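Once you know that position 131 of the sequence shown is 131 in UniProt numbering, the rest is easy, because the numbers rise by one and skip nothing.
Hints are computed from structural coordinates only; laboratory data are not their basis. Mixed in with the good hints, there may be bad ones.
What the hints assert, rightly or not - Across the chosen pairs, the derived CB separations fall in these ranges: (1) 9 - 154: 21 to 29 Å; (2) 49 - 168: 31 to 39 Å; (3) 76 - 160: 16 to 24 Å; (4) 139 - 46: 17 to 25 Å; (5) 88 - 108: 19 to 27 Å; (6) 160 - 36: 40 to 48 Å; (7) 139 - 89: 18 to 26 Å; (8) 78 - 4: 37 to 45 Å; (9) 22 - 45: 12 to 20 Å; (10) 88 - 149: 14 to 22 Å; (11) 34 - 155: 36 to 44 Å.
Predicted, not measured: the structure shown is a model, and the values here were computed from it. Built from N, CA and C at the ideal position, the CB exists for glycine as well.
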Amino acid sequence: MNLNNIITDRLILIPVTLEITQSLLEGSIKEIEKLGIGLDEKWPTNDTKDILPFINKDLEKSKIPSGFEFWMIVKKDSMKVVGDIGFKGKPDEKGEIEVGFGLVENERGKGFGFEALRAITDWAFSQKNVKVIKADCLIDNRPSARILEKVGMKEINRDQDLIYWELRDMGTELMSPVELM
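Please take these sequences and the hints and turn them into a complete structure.
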């Protein structure tokens, strides 16, 4: 599959490639710089660094991204990576996937999380076999919970630590248009 970047009003979501994950694991940004973009000084975050080995392993098998790994969130005005968003693998047999996202601290509270999540959920529901997008967040993480609610996710459960969310493909559900490039 040849993936296109996802373009929104203020963001570009760029699928992470094997070369990018390997470069980041080596502590280098040369593969990202080849794309003509820079990095916010706080990215990659510790959470991103934690998942890089797993994403790299998956990409070593497939060689090309499927879109169900993760995407860099790039601000158009600065052309810098300010976060990432992605999935914990391809859809399962029930058509379910799980999404996660994170932004560098200085870019939170500006609507970028919602804009990126809306765009990636639109993309996911345009793929075959995706019927449900799930997410979780810490109970005390109100900003993330507000983003999940705003994109239309419904709380389905909670435990001592986490709130569990899901968004079902309604087929004709109103979603903001995104331009694919």
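Next on the checklist: When the structure is checked against the list of hints, which entries are broken? Sort them ascending.
Outcome noted: 3 and 8
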